[in-house]
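There are 2 protein chains.
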Amino acid sequence: MKKNPVVAVVGATGAVGREMLDTLVRRNFPHSEVRALASSRSAGSKVEFGSKTLTVQELTEDSFVGVDLALFSAGGSTSEKFAPCAVKSGCVVVDNSSAWRMDPAVPLVVPEVNPDDLSWHKGIIANPNCSTIQMVVALKPIHDAARIKRVVVSTYQAVSGTGQKAIVELENQVRQLFNGQESTNSVYPHRIAFNCLPQIDVFLDNEYTKEEMKMVLETKKIMGDDSIRLTATTVRVPVFYGHSESVNIETEKKLTSKEARAILSQAPGVRVLDNPGEKIYPMPILAAGEDETFVGRIREDESIENGLNMFIVADNIRKGAALNAVQIAEVLLERGLLRIA
Amino acid sequence: MKKNPVVAVVGATGAVGREMLDTLVRRNFPHSEVRALASSRSAGSKVEFGSKTLTVQELTEDSFVGVDLALFSAGGSTSEKFAPCAVKSGCVVVDNSSAWRMDPAVPLVVPEVNPDDLSWHKGIIANPNCSTIQMVVALKPIHDAARIKRVVVSTYQAVSGTGQKAIVELENQVRQLFNGQESTNSVYPHRIAFNCLPQIDVFLDNEYTKEEMKMVLETKKIMGDDSIRLTATTVRVPVFYGHSESVNIETEKKLTSKEARAILSQAPGVRVLDNPGEKIYPMPILAAGEDETFVGRIREDESIENGLNMFIVADNIRKGAALNAVQIAEVLLERGLLRIA
Chain A
75 MKKNPVVAVV
85 GATGAVGREM
95 LDTLVRRNFP
105 HSEVRALASS
115 RSAGSKVEFG
125 SKTLTVQELT
135 EDSFVGVDLA
145 LFSAGGSTSE
155 KFAPCAVKSG
165 CVVVDNSSAW
175 RMDPAVPLVV
185 PEVNPDDLSW
195 HKGIIANPNC
205 STIQMVVALK
215 PIHDAARIKR
225 VVVSTYQAVS
235 GTGQKAIVEL
245 ENQVRQLFNG
255 QESTNSVYPH
265 RIAFNCLPQI
275 DVFLDNEYTK
285 EEMKMVLETK
295 KIMGDDSIRL
305 TATTVRVPVF
315 YGHSESVNIE
325 TEKKLTSKEA
335 RAILSQAPGV
345 RVLDNPGEKI
355 YPMPILAAGE
365 DETFVGRIRE
375 DESIENGLNM
385 FIVADNIRKG
395 AALNAVQIAE
405 VLLERGLLRI
415 A
Chain B
75 MKKNPVVAVV
85 GATGAVGREM
95 LDTLVRRNFP
105 HSEVRALASS
115 RSAGSKVEFG
125 SKTLTVQELT
135 EDSFVGVDLA
145 LFSAGGSTSE
155 KFAPCAVKSG
165 CVVVDNSSAW
175 RMDPAVPLVV
185 PEVNPDDLSW
195 HKGIIANPNC
205 STIQMVVALK
215 PIHDAARIKR
225 VVVSTYQAVS
235 GTGQKAIVEL
245 ENQVRQLFNG
255 QESTNSVYPH
265 RIAFNCLPQI
275 DVFLDNEYTK
285 EEMKMVLETK
295 KIMGDDSIRL
305 TATTVRVPVF
315 YGHSESVNIE
325 TEKKLTSKEA
335 RAILSQAPGV
345 RVLDNPGEKI
355 YPMPILAAGE
365 DETFVGRIRE
375 DESIENGLNM
385 FIVADNIRKG
395 AALNAVQIAE
405 VLLERGLLRI
415 A
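Protein sequences, first through last, are from chains A and B. Its first residue numbered 75, the first sequence is counted upward by one per residue in this note's numbering. Its first residue numbered 75, the second sequence is counted upward by one per residue in this note's numbering.
Certain hints may be false.
Copies of the same chain are indistinguishable here, so a pair counts whether it falls within one copy or spans any two.
To be verified - In silico BS3-like cross-links for lysine-lysine, where the CA-CA straight-line distance does not exceed 27 Å: (1) K126 - K77; (2) K196 - K162; (3) K239 - K77; (4) K196 - K77; (5) K223 - K328; (6) K328 - K294; (7) K284 - K328; (8) K284 - K332; (9) K353 - K284; (10) K353 - K327; (11) K223 - K327.
Hints are computed from structural coordinates only; laboratory data are not their basis. Note that the coordinates shown come from a computational prediction; the quantities given were computed from them, not determined experimentally.
Sequences and hints are given; from them, build the entire structure.
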């Protein structure tokens, strides 16, 4: 009988790490053991794993001995330092940081879009940026049907994308303002409560933010098509869970809104919510806690010959992070791409 | 000596009506008398006008006798019924509703963009939609310099655009959720607190909302150029004051971001806030309570030959409504386009 893998979750106490553990349980991911790893600061604390409680162990270079699969969500510098150690121990790493995403030797995978890229992995597989994942899930079937020439995207991103501290910051600011106090901020450079922040991640030399360029570059890599042109504006909004995206698409071949709706209705991982007459469309409060990417407000853009607008919403912690990582692990397992010690 | 006009504010108890009164005071608008008018329900209530208090009078067909200028902000049906009465009394109407905006006989004016259209008014001048006003203030100087071919806009609109009731609804929902209660809604079809609603105004046959088509059609009329192609996605966000817009522009002539910044820095009504290194960019919390339209995140869009992205924020009650109406009145007065009885 085939053995089940030993799985480690690195960054197990963070918002994404906890969701990774929950996702492994929810999807009955085969495992013989699950280890929760985190920095020395969190070592000894407890995290839930279904009905069990795991004691968090300190992440060290020796943590991966006997581990077959490691899901990392502990920031870029932790991934840079420890993912190679894990690989050296014979472990396959699915990494949620941006550290390895654009490395040509590392597959960047959304299972609905490019599962075959997993075949050439050399130990590390990168999980894309949250805002990129949900967009490509919806773009891929459109690209296959009509070839996408250009995308203009503006995002409405939830604070949970920044992590647990940002969730607390939004909560605190709302309490402060509703009690007539000045709001304070330490996670974001400005107040996020009842505000929109047109900055996500740091600014680059080209005046775009790193988040904006992640959407541009990662999309091309995942879709395996450098000819797709993209431009992005990424904005943080006072929402706890669920990233929204207003996406304008120019295609080579004409698609009516009806055709696009039919294509997306058949697409893996997509749930079309598009009945304006009944006021049904994707919203963060509907997508939060769900696995699918919600697509709606699908309509023809009459300002160009072959244009479409759509509104795409997904749970940034689930499909945007933990779920996509676990789905990658599932494909690795199914296709025998995980070496089980 | 020239007499000062008698001014009426119709809808004086609403969010925009109150701001119109405040704006008349703040800008020392010349007047010999100011009357506050509203529906019978509000008649008898008091509104502030600088250091004075005005008693609200019931709006009737006879309300405009002796009135030279009426600023309407009381909804489309009130404007449709009473604006013609006012004009018959010799009064000039600046109307904030959408009732007359697309009437070819009615000028639709943003004073920084098309003040000359006031010359052909026949008694009614329409004040454009809030999200349109702030966008055209920033688009006009770009159009003059490089001719705009196409605009893709996504909005982040504050609840105050819906009126006082929506402000209260957002407040109530936040209180309910922070007290562990279910939130209730009556103004919006779904919860707005910690959510994004991709619906503003009603849906039309072409699957766009009325708000989205207002942005498309009003922009062409104000800019006096039907060749500009536009597509819009309008979204309500949990912000009290200040509409934000992510605007992608394709021009005929190439403009660098530096050139665009220089042009906008000279443009009337615009304040460029664009220093990413210092984390300076437009945000609702900066624009609220200000008269100018804030423009930032100006950068070249490399997905097309001549493209620009920018983020435009303004106080939707001020420049988006009350201020623009009073500015129209100021131009009417300066150019002798107001007949004073």
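Problem set entry | Numbers of the earlier hints that this structure fails to satisfy, in rising order | 3, 10
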